[in-house]
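Chain by chain, the residues:
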Amino acid sequence: MRPKALVLGCAALATAVVLSGCGSDTASGGKTKLTIGLFGNFGYAELLEEYAAAHPDVEISDRTASYSDHHKNLAAHLATSSGAADIEAVDTGYVNQFKATPDKFVDLNTKGGGQLKDRWLPWKWEASLSKDGKQIGYGTDIGGLAICYRRDLLQNAGLPADRDQVAALWPTWQDFMAAGKKFQEKAPEGVKWFDGGPTVLNAIVGQAFVGYYDRSDQIVVGENKEIKAGWDLVVDGVQSGLSSKLLYSTPVWNTGFKQGQFATVTCPAWQMAKIKDQAGPEAAGKWDVTSVPGGGGNWGGSYLTVPKSGKNIDKAVELAAWLTAPEQQAKVFKSAGLLPSIPKLYEDPSIVDYKNPYFNDAPIGKLFTDAAKKLNPQYQGPKAGDIQTAIGNAMQRVEQGKQNGEDSWRQFVGDVQK
Amino acid sequence: MVLMDKTARRHRWDTKFAPYGYVAPYFLIFGVFGLFPLLYTIWVSLQDRNLLESEAATFVWFANYAKLMADPYFWNAMGNTLSLWLLTTVPQILFALFIAQLLNRKVRTRTLFRMGVILPNITSVAAVTIIFAQLFGRDFGLVNWVLELFGAGQIDWQAGTASSHVAIAVMVVWRWTGYHALIFLASMQAIPSTLYEAATLDGANGRQQFWRITVPLLRPQIIFTTIIATTGNMRLLAEPLLFNPGAAAATGGSDRQFQTAALYLYEQGFTKYDFGYSSSIAVVLAIATVVVAGLGYLATKRIRTE
Chain A
1 MRPKALVLGC AALATAVVLS GCGSDTASGG KTKLTIGLFG NFGYAELLEE YAAAHPDVEI
61 SDRTASYSDH HKNLAAHLAT SSGAADIEAV DTGYVNQFKA TPDKFVDLNT KGGGQLKDRW
121 LPWKWEASLS KDGKQIGYGT DIGGLAICYR RDLLQNAGLP ADRDQVAALW PTWQDFMAAG
181 KKFQEKAPEG VKWFDGGPTV LNAIVGQAFV GYYDRSDQIV VGENKEIKAG WDLVVDGVQS
241 GLSSKLLYST PVWNTGFKQG QFATVTCPAW QMAKIKDQAG PEAAGKWDVT SVPGGGGNWG
301 GSYLTVPKSG KNIDKAVELA AWLTAPEQQA KVFKSAGLLP SIPKLYEDPS IVDYKNPYFN
361 DAPIGKLFTD AAKKLNPQYQ GPKAGDIQTA IGNAMQRVEQ GKQNGEDSWR QFVGDVQK
Chain P
1 MVLMDKTARR HRWDTKFAPY GYVAPYFLIF GVFGLFPLLY TIWVSLQDRN LLESEAATFV
61 WFANYAKLMA DPYFWNAMGN TLSLWLLTTV PQILFALFIA QLLNRKVRTR TLFRMGVILP
121 NITSVAAVTI IFAQLFGRDF GLVNWVLELF GAGQIDWQAG TASSHVAIAV MVVWRWTGYH
181 ALIFLASMQA IPSTLYEAAT LDGANGRQQF WRITVPLLRP QIIFTTIIAT TGNMRLLAEP
241 LLFNPGAAAA TGGSDRQFQT AALYLYEQGF TKYDFGYSSS IAVVLAIATV VVAGLGYLAT
301 KRIRTE
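Protein chains in written order, with the UniProt record's numbering: chain A, 1 to 418; chain P, 1 to 306.
It cannot be assumed that every hint is accurate.
[Unchecked claim] Pair by pair, the computed Cβ-Cβ distance ranges are:
hint, chain 1, residue 1, chain 2, residue 2, range
1, A, A325, P, I118, 35 to 45 angstroms
2, A, G260, P, I29, 50 to 60 angstroms
3, A, D69, P, I42, 27 to 37 angstroms
4, P, E148, A, G401, 11 to 21 angstroms
5, P, V125, A, A161, 37 to 47 angstroms
6, P, L147, A, G401, 47 to 57 angstroms
7, P, F62, A, G83, 43 to 53 angstroms
8, A, D162, P, E55, 18 to 28 angstroms
9, A, A53, P, L38, 45 to 55 angstroms
10, P, E148, A, G83, 57 to 67 angstroms
[As the list claims (entries may be wrong)] Keeping only pairs whose Cα atoms sit at most 30 angstroms apart, straight-line, the calculated DSSO-like set for lysine-lysine is:
hint, chain 1, residue 1, chain 2, residue 2
11, A, K228, P, K272
12, A, K225, P, K272
13, A, K134, P, K272
14, A, K181, A, K131
15, A, K402, P, K106
Please keep in mind that the hints were generated in silico from the structure rather than gathered at the bench.
All C-beta atoms, glycine included, are put in the ideal place defined by N, C-alpha and C.
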């Protein structure tokens, strides 16, 4: 009986080896191959090399897609339980949608997440926690808010370029638009005050205490006076010709940085990486960063999740925990400007005193840690990402002259309540 | 004698059943990749089903279809689909006929030209669309630059309904005209030259010969290409999707001005995760494609010699 069982066992083992050999997850030479699916710029290139050097048994390959493609692909891969990377990044706008199906992800609480919990801002930890208490992702960065501006363009239009004086121009968004009107009078042709209405509006929405949803997941944006007031203000700015009418994170918007089509852009911390990528080295020192009108707020920020369909879950969890650890978040802040979600770092002198040479040595450490401390986290409902897209479309209808502000708002409210 | 009988019987079986064996692989593959997905889609379309929670799906029978028929955005998408079908299919076939006629002459390096027309077709649709979207850019696009030289002013191609449809149609026509032209060219070469010689003797000019001889004799190919083009153009997805990159790509413009039915399906399925509703769009779109292809068939069937 025993030899037979042994033979059977060996056969089963052999089959398992053959089967796992069919997948691409085991690299040659006994290395574990980990894939990580990202969007935009997480600033991970050097970190992944560092990790691989310290872990010779691991081979990491990253793939980066655009923001919307990444999240749509992830949904499709989760639906079919195949094709997802070992680690998948998820943005704040989508995390609620994904945490509604926590069983598609590894519950990090069962993998030692509970001990790490205190690393993060409490609201960052809770935002990726499912209703039944499963943790689907470790927080990477948070948005924070600031304004990035072109020193030379402001100066040429007779406005101050010094960041404290610039900040004094716009304590409120009304002041921001008023400064824009002054700028526009003297601006060269083809240069506008801000990049596009949706970008500005997202910052205003991010500052509101209540956003698109109330805490019972009801969509309340239709009755939200704070957001409607922001909408009206941006519509007025657009109709006063302050907008370049470019939608953020599109190729034409990227070109806008290269061509210097706008003087200011709303700057969550991660935006700085985009500006640096798009405006390129020739624009170094032209851009600067200052505080945002209207106080603290959040736009964006991400999580690293580990889909359950992965073959190397334990190794993936280990890497995700490492990438989101304080030391690594501090490095990413310095290399790519992504604002850590780790409160301990907001007191760390190497962070607080950090100045970014690309942005004219702007004290972004001080600026963003201040913003992070002031930040009043807003509750994000299940489809916040979709609603953000819809309000962006609505603002574009106004920019393209297809509708007036009121009609477009009404259509937007009707669309999201469907 | 017995042996002979056996061989003869085997031979009879062979001729009787072997052909089925030969065609079986096609039907097997069709069954797996064609019929099964089709039936599965219909099955899903009868459910209230979230993309990520297929276990929680419930049968709702025709509720998705009832909702669809009352959905203004679906009809908007169908309207855009038909408009784009017309704007792509008709020019595609006319240009293809014209190009085939040009290539059907004794010109030097004609093989090079014939190969050349198929080039757009083998390029990646994503790459082509991204480049065309830049050509049709509002501020720095080549098309607007040329238009400005003629004093026509800037057009925000993505913003308008008509302008966006024209831009998308240009991409599709550019990509597929060469393919159809090669099909036409192959058939043109099979038309006996005696017909043209007789027509020349009768005093018919080149234009008359083209419309009275070439086109009528190409009728089967024109019917074929119309149906192929229709099935392709009724489910345009990549072009409208990539024409408007960014977070709002799936809505096909700020006011859904160029959202095709396939794109609406994609939006419902992969951004709203409404897999059942998305499948019902797929089913209706398939039926609409058959209807439109039928209309195209009836229209092209009327081509005949006078």
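| query | K225 of chain A and K272 of chain P: Cα distance at most 30 angstroms? | reply | holds, 27 angstroms
| request: Would you check the hint for K228 of chain A and K272 of chain P, treating anything up to 30 angstroms between C-alpha atoms as holding? | output: Holds - the C-alpha atoms of K272 of chain P and K228 of chain A are around 25 angstroms apart, at most 30 angstroms.
| said: Does the beta carbon distance between G260 of chain A and I29 of chain P stay inside 50 to 60 angstroms, or does it fall outside? | reply: holds, 55 angstroms
| said: Just to be careful, I want the Cα atoms of K402 of chain A and K106 of chain P compared with a cutoff of 30 angstroms; is the pair within it? | reply: violated, 52 angstroms
| Does the Cβ pair D69 of chain A, I42 of chain P satisfy 27 to 37 angstroms? | With Cβ atoms ~28 angstroms apart, the hint holds.
| task | Kindly confirm whether 37 to 47 angstroms is satisfied by the beta carbon distance between V125 of chain P and A161 of chain A. | result | Given a distance of about 46 angstroms, which is inside 37 to 47 angstroms, the answer is holds.
| request: Could you check the hint for me, namely that F62 of chain P and G83 of chain A are 43 to 53 angstroms apart, CB to CB? | output: violated, 32 angstroms
| query | Between K181 of chain A and K131 of chain A, is the straight-line Cα distance small enough, at 30 angstroms or below? | reply | The hint is violated at about 47 angstroms.
| query | Has the hinted range 11 to 21 angstroms been met by the Cβ atoms of E148 of chain P and G401 of chain A? | reply | Check passed, 19 angstroms falls within 11 to 21 angstroms.
| said: Looking only at beta-carbon atoms, does the pair A53 of chain A, L38 of chain P fall within the given range of 45 to 55 angstroms? | reply: Taking Cβ atoms as reference, A53 of chain A and L38 of chain P lie about 51 angstroms apart, which means the hint holds.
| message | Next pair to validate is K134 of chain A with K272 of chain P; report whether the Cα-Cα distance is within 30 angstroms. | response | holds, 23 angstroms
| If you check the beta carbons of D162 of chain A and E55 of chain P, does the distance land in 18 to 28 angstroms? | violated, 60 angstroms
Of the numbered hints listed earlier, those contradicted by the structure are 1, 6, 7, 8, 10, 14 and 15.
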